[in-house]
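Colleague: Sequence:
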Amino acid sequence: MSKYFSGLRRAVRFDPGLLLLRETAVTTAAMLAAYGSALLIEHLAHLRVDVVVQAVVLAATAARVQLTADRYDRLLGLAVLPAAAAGAAEVGRLMTLHPNLGDVLFTLGTALPIWVRRFGPRAGRAGGLLVLPLIALLVMPPDAGPLPGHDHTLWVALIALVSGAWVATAQAVAVRTGLVPAPVRPPAPAPEPADPGGAAPEPRPAARWRPLVHTRMALQMAGAVGGAFLAGRAVWPDHWAWVVLTAFIVCSGARGRADVLFKGLLRAVGAAAGTVVATAVAGSFGPHEDAAVVLIFAVLALATWLRELSYAYWAGCVTAVLSLLYGWFGQGSDDLLRTRLAAIGLGAAVGIAAAWLVLPLRTRDVLRRRTADALAALTDLLGVAGTDRPALLRGRARFAYGVEQLGLMARPLRAERSAGRLTRRLTGRGGGSPADRPYRADVVDAVSACEAPLRVLVDGAVADPALWSDPRVARLNRAVAANTAAVRRSIGRRPGAGYQAVRARIPRQAGEVPTGTPEQLRMLAALLTVDDALGTMAGVFGDPPPAPPEDGGGAEPGAS
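Start counting at 1 in the sequence shown, then tack on 14, and there's your number in my numbering.
Some hints could be false.
[Said to hold, decoys possible] Now the in silico label distances, taken between C-beta atoms and shown as ranges:
#	residue 1	residue 2	range
1	SER432	LEU58	52 to 60 Å
2	GLY267	PRO560	21 to 29 Å
3	THR229	SER298	41 to 49 Å
4	ALA515	ARG136	40 to 48 Å
5	SER324	PRO532	40 to 48 Å
6	ARG136	SER298	44 to 52 Å
7	GLY267	GLU104	22 to 30 Å
8	PRO479	ARG439	45 to 53 Å
By construction, these hints were calculated from the structure, which means they are not laboratory data. Think of the CB as a built atom: it goes at the ideal place given N, C-alpha and C, for glycine as much as any other residue.
Sequences and hints are given; from them, build the entire structure.
Modeller: Here you go:
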């Protein structure tokens with residue numbers, strides 16, 4: 015019993031407020047509703063069972079894409095998903111009748127949704143829906159996919175519409191009842207500052223010819239999927255889909271080379287473990303056994319909940335579902351185990367190679383870009399007048415969004431830091447101290463550490479605007495703003511004054527206790543915490559080049 019409560023406590027720490035679990039419940043409800051509806055349509059129209067599998071896959075994946083969608087995005091999704099499903103059905107027929115042409119169209123279909131992200135969040139969500147029916151094609155066993163004529167395409171579109179409608183309904187009801195919070199739109203970016211000293215880094219001349227980020231990511235995906243088709247069909251003509259699916263999963267959402275390598279290894283290990291476990295379990299069920307269907311839904315729900323904890327859990331659970339699905343269709347598990355494991359390894363290698371070799375996104379460049387965006391929001395926030403409450407709230411929201419975007423690449427960087435510290439301990443260099451050298455993950459932690467003190471600053475200024483103009487608070491605010499500009503210069507490799515710790519410039523007698531009201535002291539402490547975090551970032555990015563002699567580059571003195 016104690017072990018049970020210990021596991022429950024760990025789950026609560028992983029999922030504060032059990033928000034992810036509540037979102038999983040909503041997604042599972044949509045999947046079950048789509049499954050029941052598709053079963054009814056399949057029975058009445060005498061269709062193949064592949065439409066039922068497609069309904070569940072679309073509901074499970076569309077629920078994640080539409081998680082942050084508002085009512086307009088959900089209506090757009092109800093138009094995009096059936097059209098994409100109809101197109102995917104035709105591509106599936108071509109992949110059987112004319113494999114080369116079908117493979118090319120499938121590859122383009124996975125790259126295009128990434129490219130359209132350049133047109134904004136709404137286009138990105140629509141693109142995310144476009145690719146889902148194509149991925150559903152890879153889930154079906156080779157002899158269970160759609161081979162009928164064009165009339166089958168209309169049924170596929172109807173099934174997609176039903177699945178999308180259940181997802182939209184479940185999410186709308188969950189928001190209306192308060193089960194999950196309403197989606198929050200990311201704040202609009204602020205215009206670029208006029209001061210070149212605080213501007214975000216410009217591309218170096220040698221890199222100006224490179225395509226935009228989304229174009230590069232789309233080309234990487236095309237290389238991964240296209241290479242997986244070539245390798246999969248050459249090595250396993252009957253089971254190439256495992257290679258393509260793994261390559262797509264590894265290469266999707268790449269946030270730099272380190273992120274792709276980290277996720278690729280985790281997903282490959284997780285998928286291999288899920289395959290082994292599910293192969294052993296699938297042998298306990300016969301073909302078309304209802305107990306296997308119940309287990310499939312249970313594992314899908316677990317995968318949805320644990321996705322944010324680790325990519326390995328997600329990959330392991332999803333691969334286990336695929337193995338159980340193959341067993342349900344009566345395909346032997348034991349004889350396919352080695353093929354599946356080898357195909358997973360090959361697909362992961364192809365996906366990693368494409369992300370590293372096709373116009374790669376260097377991790378340090380992504381880190382600099384996202385840190386610069388977060389610090390640009392911090393600069394704007396520190397420069398807002400204390401009486402401008404809407405601007406303060408907007409600035410805090412922009413910074414929180416920057417923290418969220420930077421946090422998306424935190425896992426591989428933290429793994430790099432852990433490996434580096436372990437190596438230093440084992441080799442005895444630096445005494446094994448965690449602080450003997452800065453790591454890139456320290457930047458992510460430092461930016462995240464600014465969020466709580468900024469909340470104190472904004473809440474204090476909103477409650478009492480006079481606090482923002484208090485002489486000591488204003489002086490310290492200017493000093494922190496100067497250090498923010500210094501760190502941004504170091505990120506952009508621009509000349510100017512370097513970071514100077516504010517604490518070291520505060521004249522204070524030994525043993526003197528700061529005086530002031532509790533609200534003033536909280537504001538001062540919050541600003542000092544932000545400045546300490548800026549010092550950590552400066553230690554990672556280094557000092558900017560020295561300023562020209564005519565540029566004073568001096569920072570405001572610290573608060574007294």
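Colleague: Determine for every hint whether it applies to the structure shown.
Modeller: Status of the hints after comparison with the structure:
no. : hint                        : in the structure
1   : SER432 / LEU58: 52 to 60 Å  : holds, 56 Å
2   : GLY267 / PRO560: 21 to 29 Å : violated, 40 Å
3   : THR229 / SER298: 41 to 49 Å : holds, 48 Å
4   : ALA515 / ARG136: 40 to 48 Å : holds, 43 Å
5   : SER324 / PRO532: 40 to 48 Å : holds, 42 Å
6   : ARG136 / SER298: 44 to 52 Å : holds, 46 Å
7   : GLY267 / GLU104: 22 to 30 Å : holds, 27 Å
8   : PRO479 / ARG439: 45 to 53 Å : holds, 50 Å
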